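Colleague: In order, the protein sequence lines correspond to chains Y and F.
Taking the working numbering, the leading residue of the first sequence gets 1, the next gets one more, and so forth.
Taking the working numbering, the leading residue of the second sequence gets 1, the next gets one more, and so forth.
Since the hints were derived computationally from the structure, they do not count as laboratory data.
The structure presented is a predicted model; accordingly, all values stated were derived computationally and were not measured.
Take the hints with a grain of salt, since some may be wrong.
When chains are identical, the list treats them as one kind, so a pair holds in a single copy or across two.
Pairs of lysine to any residue residues, derived as SDA-like cross-links and limited to a Cα-Cα distance of at most 25 Å, are as follows [claimed, not checked]:
| # | residue 1 | residue 2 |
| --- | --- | --- |
| 1 | Lys9 | Lys133 |
| 2 | Lys48 | Lys101 |
| 3 | Lys73 | Lys101 |
| 4 | Lys13 | Glu84 |
| 5 | Lys149 | Tyr43 |
| 6 | Lys104 | Ser136 |
| 7 | Lys101 | Phe74 |
| 8 | Lys9 | Ile112 |
| 9 | Lys11 | Val119 |
| 10 | Lys11 | Lys120 |
| 11 | Lys129 | His96 |
| 12 | Lys35 | Tyr108 |
| 13 | Lys113 | Glu84 |
| 14 | Lys48 | Phe111 |
Residue strings, one per chain:
2 protein chains.
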Amino acid sequence: MHHRHSYWKDKLKGSGCRLTLPRRVIFEVLNSTTKHLSAEDIYFMIHKKYPGIGLTTVYRTLDMMVRMGLVDKFDFGDGHSRYELLEAQDKQHHHHLICTKCGKVVDYTDFIKEEIALVKQTEEGLSKKYNFKINSHVTQFYGLCDKCKK
Amino acid sequence: MHHRHSYWKDKLKGSGCRLTLPRRVIFEVLNSTTKHLSAEDIYFMIHKKYPGIGLTTVYRTLDMMVRMGLVDKFDFGDGHSRYELLEAQDKQHHHHLICTKCGKVVDYTDFIKEEIALVKQTEEGLSKKYNFKINSHVTQFYGLCDKCKK
DNA sequence: AATATTAATGAAAATGATTTTCAATAGCAA
DNA sequence: TTGCTATTGAAAATCATTTTCATTAATATT
């Protein structure tokens, strides 16, 4: 785990950014959950212990982490952006399965292998045909979860 | 073309909705472009000829068309929802390639065949494993277009 | 065609997530 | 310890979208 901590701290310092309490706290929250938290979620989670940290700072910090390539930002269509730590080395590429009723999100890695091959092939084809430099892709499935199906 | 018109008009009537001027105008705009318009885009496009049609109505009409399954709503990450007519019979399933700098969007259908197979397989697997009823999926590629690559 | 019913409309106000502003604070290099 | 300046929190601003509500217009009925 330590290597992961130093990784982002170094990256921060390297860009002339400072290692502050809010940044450490927000990183820790992201680092200790598998959930897809919104800025507000994080704000409330840390507010009891760190009432001094404002929602503005949470937004700013998440933004910074996204720009640094440390965090991924997702939109599941419910009006709140969600943030997820990209654990550089050991995190598997995964996609999302979203319940449109209750908002439940499942990370799945099934079929990812086949998909990676297809995506790579698609990326190459599209890059060539449309002259795009492709940087990322999103695949999401929407539906009703176990409970919401009734 | 006529069959397409009657299709949506019938669907409208069928749900006890009325065929109004704003609805006809907004449908026509969507029906005569391949672009991915936002509510505001549509509002400005029709404003000269129909200054009486308000932005609120554009939003309401688009919403209704989405609920009716006539229109698809997309989020390309620029803070504006985009709307696209689903031309029931002849529209090919397609995905989007989005330039993160200028916002240019390319519809592509390349590799769609392979993808459909994979998606079907994934859907079945996920449905079973996670007990989801999957209704739709989104695949988008993000990158830099020809010009923005420089 | 005239009328009655009620869905649909537009203007203005409200909402709510996110951003910006700005004066005060706190990392960190010297 | 000091000084520089990045970072912060609070409050205000933004801005896409929604809601409210009195008015208008589509359509079924007469």
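Colleague: Which numbered hints are broken by the structure, listed smallest first?
Modeller: When the structure is compared with the hints, numbers 1, 2, 5, 8, 9, 10, 14 turn out to be violated.
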